[in-house]
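Next come the chains, spelled out residue by residue.
There are 2 protein chains.
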Amino acid sequence: MVRRGILIILSSPSGAGKSTLARRLMEWDPSLRFSVSATTRAPRPGEVDGREYYFKSRAEFETLVKTGEMLEHAEVFGNFYGSPKAPVEVAMGQGRDTLFDIDWQGGQQVRNSALGRSVVSVFVLPPSIAELERRLRARAQDSDEVIAGRMAKSRDEISHWAEYDYVIVNNDIDSAFAELVTIVQAERLRRDHQPDLSDFVRTLNQEFESR
Amino acid sequence: MVRRGILIILSSPSGAGKSTLARRLMEWDPSLRFSVSATTRAPRPGEVDGREYYFKSRAEFETLVKTGEMLEHAEVFGNFYGSPKAPVEVAMGQGRDTLFDIDWQGGQQVRNSALGRSVVSVFVLPPSIAELERRLRARAQDSDEVIAGRMAKSRDEISHWAEYDYVIVNNDIDSAFAELVTIVQAERLRRDHQPDLSDFVRTLNQEFESR
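One line per chain: the protein sequences are A and B, in this order. With the working numbering applied, the first sequence closes on residue 211, and no number is skipped along the way. With the working numbering applied, the second sequence closes on residue 422, and no number is skipped along the way.
Simulated from the structure, these hints should not be mistaken for lab results. Backbone N, C-alpha and C define an ideal beta-carbon position, used for all residues, glycine too. Treat the hints loosely; a few may be bogus.
Derived CB-CB ranges, DEER-like [stated by the list, open to error]:
(1) A389(B) <-> A42(A): 39 to 49 Å
(2) S230(B) <-> D172(A): 33 to 43 Å
(3) A363(B) <-> D156(A): 56 to 66 Å
(4) R235(B) <-> D49(A): 43 to 53 Å
(5) K66(A) <-> V301(B): 50 to 60 Å
(6) P43(A) <-> R235(B): 45 to 55 Å
(7) E356(B) <-> D172(A): 50 to 60 Å
Please put together the full structure from these sequences, using the hints given.
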């Protein structure tokens, strides 16, 4: 029996370190598949279609939703974002785990989808709101208005922390990453994520029989 | 809010390494409380009352069961074994995790008790039955008849592997121990095992309010 991959959902307000954690987790285990989202927002300089996002027109995106090809989707700041379903199912069938860097709306939808039983969800909290704002301001030359919008979105995101299986407070990125790795390693030791065990126990029983 | 301790149940057939893993886990985290079982079997040379077991007469044990002072109990090879409830509740209230080295019968009862929501259960499998028997023979000068009895009990124990949250195959004691530590660390990162988070998120929200 081929192991079914786990769906690892990582959510957090922007500035809490989620993208760094996701990148480091992908480096830590190259067998992980990163779920590249589709979006209707315009590419930013340096972004490559199929790497950061699959860039879609609004009409294309709506068709993907209508034909059931999106595992989850939501509208944020006037743009659609969503996770294509097919690559996730392929990865699961190959026994590969998929990492989702999505918000609470996406998290809810994946948890409530047909694949919900395979979800492990992790929420990353910032050590403080002052630190969250500092990180948001440090990384982009956004206007105060844009920052204010992101902070409001952050507050909304944080309000959903209690829907997640695990919570990491990112005081220190190395400790937070170590905690994330621990969670993934432990989840892989869960009985229901180790389907080969049934066959293994069968061999143990055969050994008992032949004594 | 004081964190409620977790109940870590470790089960395995004898010879699979459970006692070594339990001992090393206690050394790894001295804040863990080991649940000392009560038993009606006679003390073996070197065993100290209250350390290896609480040694009880059959009448005393039956009274403890009748008065609801045992969290779980079962009869094995004609002797009663069980886990006293009060010290577990004290440890939980102090936010300390308790480690149980008990069999599947005890595991079932603790999982189905009022404290079941706090249980994390781990089953340890041997790499093979030949290895299990070798370990059983190596550690005691037991008769073939006693060994045969233990092997039958082992087979019965292994048949309950699928009732556990996590499964570790003990090919190598160091790897198995590392896996056990990973499980305990990850469980402590579960949202419902970190009750202080509610207060922490409240402070984040206050920070949003006062911006």
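Practice task
Using the Cβ atoms, figure out if K66(A) sits within 50 to 60 Å of V301(B).
Solution key: holds, 58 Å
Exercise for the section: Just tell me: holds or violated, for the beta carbon distance of R235(B) and D49(A) against 43 to 53 Å? Expected result: holds, 51 Å
Practice task
Evaluate the given range 56 to 66 Å for the C-beta pair formed by A363(B) and D156(A).
Solution key: holds, 59 Å
Problem - D172(A) and E356(B) - C-beta distance against the hinted 50 to 60 Å - result: holds, 58 Å
Handout entry: Pairwise beta carbon distance, P43(A) to R235(B), judged against the given window 45 to 55 Å
Key = For R235(B) against P43(A), whose Cβ atoms are near 52 Å apart, the range 45 to 55 Å holds.
Handout entry: Consistency of beta-carbon spacing, A42(A) to A389(B), with hint 39 to 49 Å
Key = holds, 47 Å
Exercise for the section: Return holds or violated for the Cβ distance of S230(B) and D172(A) against the range 33 to 43 Å. Expected result: Once the Cβ atoms are compared, 36 Å apart, the range 33 to 43 Å for D172(A) and S230(B) holds.
When held up to the earlier numbered hints, the structure conflicts with none and fits them all.
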